[in-house]
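Take each chain as given, in its own frame, and dock them per the hints.
Respectively, the protein sequence lines represent chains A and B. For the first sequence, this note's numbering assigns the number 1 to the initial residue and increments by one for each residue that follows. For the second sequence, this note's numbering assigns the number 1 to the initial residue and increments by one for each residue that follows.
Where hints are given, some of them may not hold.
As the list claims (entries may be wrong) - Restraint ranges, calculated between C-beta atoms of paired labels, are given here:
1. A:Leu276 / B:Val377: 51 to 57 Å
2. B:Val134 / A:Leu112: 39 to 45 Å
3. A:Leu276 / B:Ala299: 51 to 57 Å
4. A:Ile96 / B:Asp335: 49 to 55 Å
5. B:Gly240 / A:Ala266: 28 to 34 Å
6. A:Trp257 / B:Glu303: 39 to 45 Å
7. B:Ala59 / A:Pro260: 51 to 57 Å
8. B:Lys374 / A:Pro61: 26 to 32 Å
9. A:Leu77 / B:Lys371: 41 to 47 Å
10. B:Gly266 / A:Pro121: 16 to 22 Å
11. B:Gly266 / A:Pro260: 25 to 31 Å
Source of the hints: derived by calculation from the structure; they are not laboratory data. Note that the Cβ used here is the ideal one computed from N, Cα and C, for glycine as well.
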Amino acid sequence: MIELFLQYLVAGLTYGTIYAIVGIGFNIIYNTTGIINFAQGEFVMLGGMTAVSLYAFLPLPLAILGAVIITMAVGGLIEMVFIRWLVKPSVLRMIIITIGISILVREAGLVLWGEGVRSLPYFTGDEISALELGGVRVSPQVIWSLGVCAVVVVLLNLFFKFTMLGREMRACAANRDAATLCGIPTRNMITLSFVLSAGIGALAGCVVSPITQTQYAIGSGLAIKGFTVAILGGLGNSMAAVAAGFILGILESFSIWVMPTAYKDAISISILLAMLFLRPSGLFGNREAFKLKDF
Amino acid sequence: MNIFTRLAAALTIVAAFIAPAMAADTIKVGAILAVTGPASFLGAPEAKTLEMLVADVNAKGGVGGRKIELIIKDSAASPEKAVSFAKQLIEEEKVFAIIGPSTSGETMAIKNIAEAGKTLLLSCAAAEPIVNPVAKYVFKTPQMDKDAIIRIFELMNKKKITRIGVLSSNTGFGGAGKGQIEKLAPEHGIEIVVNEVYDKAATDLTAEVTKLKAAKVQALVNWSIEPAQSIVIKNTRQIGLKIPIFQSHGFGNIQYVTVAGKAAEGVIFPAGRLLVADTLPKKHPQKAVLLDYRKTYEAKYKEDASTFGGHAYDAMKILIKAIETAGADPEKVRDSIENMKGFVGTGGVFNFSPTDHNGLDKSAFEMLTVKKGKFAVYK
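Okay, chain B solo, but in the shape it has when bound (with noise of 0.2 Å):
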C-alpha cells in the first residue's frame, strides 16, 4: 500500500463517522438550478432567493431545531447535468428533499429519478406535464402554462382577435407552450395562422415576423424565456407590424423591457402578482407576501426581484412550512404538502390535493402591460 491508498483509506474512514454525524444536526435540501447559462435568469434568482431564506432561518434556530444545509448544483440548464445531479443528490448526499430544476426541460428528465429514489421534488419550472400525470413524489410552485394561455386567449376573446401567429423558442418552456397554445386555442375559437419555432440564441428574427405580416395576423403571441423574447418585439415594431403582443409569463424580467425600449411599450402577459405587488389593494391575500419577499431580496442584492426567485421561496417555504407541521420524516412531509391548504405564497395561494401538485389556478395570474418602461396592471 503506497501512501496515497493509506490516506485515501484514512480518509474514508474519518468522512464515514463524519457523515451521518452531520446528517442528524441538519436537514440536507438540495438544490438543482440553472445558476449559469441560458436559463440563468431563473436560476440565478432562485439560488439567491435560497440562500437567503435557508441563512434567514438558519439564524432562527432553524426548523425544529434543526438547520438546514442547502447543497445547490448548477446545471447550467442542461437535462443531462441535472441528472446527473439528481442521482448524486438522491444517492450519495441522500437529501431530504430537492427544489428544482429551473427548466421545465431538466425537470422532466428529472421527475421518474426523483419519484424511483422516493426523494421530494419541488420543481420551479412551469410546464404542465410536471404534474400531470401527477407523480407522487414531484410537486411544482410556478402558476401552469396552462392558466396563462387561458387568460391570454380570454381577453383576445374580448379584444374578438380570432387569427393569431405564435412563435416560440425550441426550449422546453417554449414547446410546452406551444403546445397547450395548439390544445387551447380551437375551444376558444382562436385560428392558429402561423406557427413557428425559433432558436433560443436567436440574435435576429425579421424574417419570422416578416411571415406574421404577410399572412395578416390580427395578433402575435411569443412564448420563450430567453432575451430573444425581446427581439421579436422590436422586430415586429420595426416592420412596421402594429398588431398586440402577448408575450408568456416568462416576460416578467424588467431586463427584457429594457433592451426592448421603446418596442416594449403595451405588450401584454399574464404574471404573477410579485411585479406589480405595490399596486394590489390592501386587502389583497398575498399583498403581505410579495412585499416582505421584495423588501428582503432588493435590500440583501441591491437587484430587482423577480418572479422566478419567487418560486423557489414558495417551493422552500412550503417545504419548511409542511416540515413544521408533519416532523422530519419524508414520507409525513409529502403527505403533508398534498393536503396544504390556503398557503400563501408569491406565485398565488396554493391549494394541493392528490390530484393536483401544483395548487394553483388561473386566479394566480394578473394580465400586465408594459407602461413607459415599467409593468402594470393591464386594463
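Only chain A is shown next, with the shape it has when bound in the complex (with noise of 0.2 Å):
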C-alpha cells in the first residue's frame, strides 16, 4: 500500500516537473509587460524539435544548447517583428498577437518538421531504465528535468531580485511610463524578455522531450497545464509555479488513484477556475499588488 502511496506520488511528480518547468517560462515575459505570452508552448515545441534535429549530426549537450540558443533568437526575431514597434498596445491586444504567434510558429513547425513524433534519447539511462528509491521506480529524466527546474527557478529568483537588469525588467511591468522615465531602455527589455523565455522554454522543451515526446502541435497541450500552474501559483514568482506545478501534478496522479482518468483534466480546471474565483492573485500572490494590475 504504501509503496503503491509512493509510485502515485512519483507519478505526480513527473505530471508536476512538466507542468512546472512550462510553467515558469510564463513569469519572465509577464514580469516585464504584464501579458500572457499564450506563444510559450510554442517555444517549448521548438526547443525540442531543434534539439532532435541537431542530434543528428551533433553530441547531446551542444544539440541543447544549439537549441537553445536558435530558439532565443527566434523569440528575440519575433518580439521585434511583431510587438516592438507597437505604441502603447492595450493587454488584450497583445494577448491576441501572441496567440496568431503561436497559430503561426506552430505550423511553421508542421511545415519544417513534417507531423512525425521524435524524442531526444533519455540524457541517462535509457527507456525503460529506472532508479530504485524503497521499492518505487523512477525515470532518471524525471530527477534530470527536477534538477532542471530547480537550477533554473534560483537563476531567475537571483536574476529578478538582485541584479540590475532584472529589476529594470520587472520596473516595465510595474510601470512603463514610470521605467521609461528613469531611463530604463523598455523596449529593449521586453525583447530581452522574449529571448529569455524562449531560451527557458526551449530549455524545458529539451528535457522533457524523452519523457512527452516531441511534435510540431505539442506546444498548446503543454502551455495549458503550465498556464495553469502559474496562474494557481500567482503569476510572476517562478518559485510558487513550481510549487503550484507540484501540487496540481499531485492532485491529478492521486485522483486517478480514487477516480477514473478521464476526471482528471477536470480536477485541474476546476481548481483553476476556484482559484480564479475566490483568490485571482494565486496561491502565494500578493492580493495588494495583484489589485494594481491591469487585469
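Structure below.
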C-alpha cells in the first residue's frame, strides 16, 4: 500500500515537473510586460524539435545548447517583428498577437518537421531504465527535469531580485512610463524578456522531450497546463509556479488512484476556476499588488 | 452597379460556362483527410498516396478515357470541418465519390450526409459503426476493430491470460475499440480489471499504469492512434511492470517504435501485412500488391509506407476498378463495389456484399511484434 502511494506520488512528481518547467516560462514575459505569452508552448516545441534535429550531427549537450540559442534568437526576432513597434499596446491586443504568433510558429513547425513524433534520447539510461527508491521506480529523466527546474528557478530568482537588469525588467511591468522616465530602455527589456523566456521554454522542451515526446502540435497542450500552474501559483513568481505545478501534478495523480482518469483534467480545471474566483492573485501571490494590475 | 459587383457578375457567368465543361472531362473525386493535426500520421500518408495514384492513373490516360480530378480537403481530424467539407464537396463540387475521412469520429459525423446526398463514401477509418448498420453509399477499407480484438483475445486464450487492463484514448478510435473490447471480452472468458480512458494529448501516463500494477493484471491492452501509445509502454516498463503489452493496429507506424526505443521490444499488435510484406511467403496473394505499393511510395516520398496510406490506396483502387467495370455512373459504380469479390488490396482480400461494406474478415490481420526495433511476424 505504502509502495503504491509512493508510486502515485512519483507519477504526480513527473506530471508536476512537466507543468512547472513549462509554467516558469510564462512568468518572465509577464514580469516585464504584464501579459501572458500564449506562444510559450511553441517555444517549448521549437526547443525540443530543434534539439532533435541538431542531435543528428551534434552530441546531446551541444544539440540542446544550440536549440536553446536558436530558439532564443527566434524569440527575439518574433518580438522585434510583431511587438516592438507597437505604441502602448493594450493587454488584450498583446494577448491576441501572442495567440497569432503561436499559430504561426506551430504551422511553421509542421512545414519544417512534418507531422511525425520524435524524441531526444534519455539523458542517462534509456526508455526502460529506472531508479529504485525504496520499492518505487522513477525514470532518471524525471530527476533530470527536477534538477533543471530547480537550477532555472534559483537563477531566475537571483536575476530578478538582485541584478540591475532584472530589476529594470520588473520595473517595465510595474509601470512602463515610469520605467522609461527613469532611463530604462523599456523596449530592449521586452525584447530581452522574450529572448529569455524562449530560452527557458526551449530548455524545458529538451528536458521533457524523452518523457512527453515532441511533435509540432505539442506546444498548446503543454502550455495550457503550464499556464494553469503559473496562475495557480501567482503570476510572476517562478518559485510559486513550481510549487503549484507539484500540487497540481500530485492532485491529478492521486485522483487517478481513486477515480477514472477521465476526471483528471476536470479536477485541474475546477481548481483553476476556483482559484480565479476566490483568489485571483494565486496561491502565493500578493493580493495588494495584484489589485494594481491591469487584469 | 459598382465595378466590383460587375466584375463578380462577369466572373460568375464565366465560371458557369467553364464549370460544366470541365466536369464533363474529368471525374471529380473528393477526399477529406486529416492531413494536419493530431491524426496527421493517418491523413498525411493517405493524401500522398492518393496524389501518387491519381498522377499515375492520369499519366496513363485516366479511367475510361477520363482523367481523375482529385480535390483533397484537410480536416485536421475535426468532425466539424469534415461535415462542412462533405457538404461542400457534395453540393458545390458535385463530386463523383469521396475518399476518407481518416478518423472514425469524422466518418460517423458525415455518414448520414453522404447517404442523404447519394454520394459514395469510401472511408479510411476503422470503427465498426461506419458499416454496421450498413448505409447504402458508405464503404470502408481498413480492417474491423472487432477482428483486431478477436485476434488479440484468441492469442490471450492461448497464453492463458484472463485478467487484463485496458487503456484507451478519448478519440473516436479509442472509444470504438474500448466498446468492442468490453463487448468481446466476456465471450473469450477475459475479465477487464482496469478500464481507463486518457486524453489524446497525454504527456505522461505513469499514474494510469500504476493502477494496472496495483490491480495485478496479466496483460495490458492499449487502444489509441496517438503518440501517447509510445508513452504508455515506456511508463509501463519504467515502473517495472513486465506484463505482455498488446496494442491496436494503430501501432503500425515505425515512428512509435523509434520513440519508445527499448520499451517497444516485444509489444504485440495486429496489423495489415504491409509492414511485413517482404517476409510473406511468395505465394501469398497480397505479396505483389504490397511490395508494389511500398516500392512506389517509398521511392516517391523517401519515407516509410504505412498501413494507413494503404487504406487510401485500397479505396482509390476499388473506386477505379468499379468505374472501369461499370462506367462513370455513380449508381452503377456503387452496385459494382457492393458485388466486388476477391479484390486484392493492401488491407487484405476484399469480398463485399450488400450486408458487408467492408469486405474483410479477421484473416486480414497478422499478429506482429517488435524485434530489435523492427516489425516482425509474431510466432
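- Message: Could you work out which of the previously given hints the structure breaks and list their numbers from low to high?
- Response: Violated: none.
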